[in-house]
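Chains as they are written, first to last, in numbering that gives the first Met the number 0: chain A, 0 to 198; chain B, 0 to 81.
Quick caveat, the hints were computed from the structure, so don't treat them as lab data.
Just so you know, even glycine gets a beta-carbon here, dropped at the ideal spot from N, CA and C.
Be a bit skeptical, because a hint or two may be false.
With beta-carbon atoms standing in for the labels, derived distance ranges [stated by the list, open to error]:
#  : chain 1 : residue 1 : chain 2 : residue 2 : range
1  : B       : E4        : A       : D156      : 44 to 50 Å
2  : A       : N187      : B       : E78       : 33 to 39 Å
3  : A       : D150      : B       : D34       : 52 to 58 Å
4  : B       : H26       : A       : A115      : 17 to 23 Å
5  : B       : L23       : A       : R177      : 46 to 52 Å
6  : B       : Q28       : A       : R177      : 41 to 47 Å
7  : A       : D151      : B       : T64       : 38 to 44 Å
8  : B       : Q28       : A       : H76       : 44 to 50 Å
9  : A       : R177      : B       : R37       : 20 to 26 Å
10 : A       : I191      : B       : A48       : 49 to 55 Å
11 : B       : T64       : A       : D150      : 16 to 22 Å
12 : A       : D85       : B       : W77       : 47 to 53 Å
13 : A       : N15       : B       : M0        : 52 to 58 Å
14 : B       : F22       : A       : D85       : 42 to 48 Å
Residues of chain A clear of chain B, computed beta-carbon distances all greater than 10 Å [as the list claims (entries may be wrong)]:
#  : residue
15 : N12
16 : T73
17 : D156
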Amino acid sequence: MWTYERRLEYPINIKNPNPALAKFIISQYGGPDGELGASLRYMSQRTSMPYRQVAGILNDVATEELNHLEMVQTIVHQLTRNMTIDQIKEAGFETYFVDHTAGVYPQFASGYPYSAASLQVKGDPIADMNENLAAEQKARVTYDNILRMADDPDVIDPIRFLREREIVHYQRFGEGLRYIQDNLNKKNFYAINPAFDIR
Amino acid sequence: MTRQELMHQIQQAGFALVDLNLFLDSHPQNQMALDYFRDVQKRYAELRAQYEMQFGPLTAFDTNTEQGWTWTQAPWPWELEA
Numbered sequence: 000m001w002t003y004e005r006r007l008e009y010p011i012n013i014k015n016p017n018p019a020l021a022k023f024i025i026s027q028y029g030g031p032d033g034e035l036g037a038s039l040r041y042m043s044q045r046t047s048m049p050y051r052q053v054a055g056i057l058n059d060v061a062t063e064e065l066n067h068l069e070m071v072q073t074i075v076h077q078l079t080r081n082m083t084i085d086q087i088k089e090a091g092f093e094t095y096f097v098d099h100t101a102g103v104y105p106q107f108a109s110g111y112p113y114s115a116a117s118l119q120v121k122g123d124p125i126a127d128m129n130e131n132l133a134a135e136q137k138a139r140v141t142y143d144n145i146l147r148m149a150d151d152p153d154v155i156d157p158i159r160f161l162r163e164r165e166i167v168h169y170q171r172f173g174e175g176l177r178y179i180q181d182n183l184n185k186k187n188f189y190a191i192n193p194a195f196d197i198r
Numbered sequence: 000m001t002r003q004e005l006m007h008q009i010q011q012a013g014f015a016l017v018d019l020n021l022f023l024d025s026h027p028q029n030q031m032a033l034d035y036f037r038d039v040q041k042r043y044a045e046l047r048a049q050y051e052m053q054f055g056p057l058t059a060f061d062t063n064t065e066q067g068w069t070w071t072q073a074p075w076p077w078e079l080e081a
């Protein structure tokens, strides 16, 4: 079970509202490579991971992704608090504002609502771990793209932290994949699915 | 106490705290609930300390590294209880 701790994983203090930035950073909240999908992917994969150590990596990365979900929510919140109607119009934020005001809704940058279609639980350790390696890289690219467009140091600093964590997760999943393969037939990793064929 | 008996008591005390937490969120002045929370809070902490000493960490941050990294060694809660 989970409990809540009243703190962010990394500090966020954004002084100036900027709905133009919130418009695309929201994608890391509920977008195709965002933190909600990341957490749900690893959380959902863990029960069909037959190696306890690798299930632990999935569990613990899923938990850290919830910290990151909270961080992205905080960034979007601080970018949209105290914004004026003129700032909303100037940023082209009207389409979001009319549906969600200054609330934080899990959606893609395009406005498409959060979709579990952007993640997979294959129930095969090699397939799932490769999915996760790709997911971390896609999230890293999204943060790189955000950094190309963000011009506020208060935003850039926590985004850099989040980007770095994608790389660390990629590294841990790579080690998880190696652990899985070390437990399989070295001449044919695909001879069986250890999540299904070993009872 | 066996591991299962101790876990059952942690689940009972833990659920009492979860429910009192919600009740106190909307009834922050209720003295009876506050007193009950304090009693269960103490019992919960004692049960957890006893469990972790005998059977390993309940959270990753609680792991006692004198026995190495035991966090990922014990069965996960979704496995069949031994």
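Evaluation of the provided hints:
1. Between E4(B) and D156(A) the beta carbon distance is about 49 Å. The supplied range of 44 to 50 Å therefore holds.
2. Between N187(A) and E78(B) the beta carbon distance is about 28 Å. The supplied range of 33 to 39 Å is therefore violated.
3. Checked against the given bound of 52 to 58 Å, the beta carbons of D150(A) and D34(B), roughly 54 Å apart, stay inside it.
4. The hint said 17 to 23 Å for the Cβ distance between H26(B) and A115(A), and at roughly 37 Å that hint is violated.
5. One distance hint, 46 to 52 Å for the beta-carbon pair L23(B) and R177(A), holds here, with the actual separation near 47 Å.
6. Against the hinted window of 41 to 47 Å, the Cβ-Cβ separation of Q28(B) and R177(A) comes to about 56 Å, which falls outside the hint.
7. For the pair D151(A) and T64(B), the supplied restraint of 38 to 44 Å holds, since their beta-carbon distance comes to about 40 Å.
8. About 29 Å separates the C-beta atoms of Q28(B) and H76(A), a value inconsistent with the hinted range of 44 to 50 Å.
9. Distance hint check: the CB atoms of R177(A) and R37(B) are about 49 Å apart, inconsistent with the given range 20 to 26 Å.
10. Take I191(A) and A48(B): their Cβ atoms lie about 42 Å apart, and the range 49 to 55 Å is violated.
11. With their beta carbons about 43 Å apart, T64(B) and D150(A) fall outside the hinted range of 16 to 22 Å.
12. Checking the proposed 47 to 53 Å range against D85(A) and W77(B) shows it holds: the Cβ atoms sit about 52 Å from each other.
13. At about 57 Å, the beta-carbon gap between N15(A) and M0(B) stays in the expected band of 52 to 58 Å.
14. Remark: the range hint 42 to 48 Å for F22(B) to D85(A) is upheld by a beta-carbon distance near 44 Å.
15. No beta-carbon of chain B comes within 10 Å of the beta-carbon of N12(A); the shortest separation is about 25 Å.
16. No Cβ of chain B comes within 10 Å of the Cβ of T73(A); the nearest lies about 21 Å off, and the non-interface call holds.
17. With a closest Cβ-Cβ approach of about 25 Å to chain B, D156(A) is found to remain outside the 10 Å limit, as its non-interface label requires.
Violated hints, in rising order: 2, 4, 6, 8, 9, 10, 11; the structure is consistent with all others.
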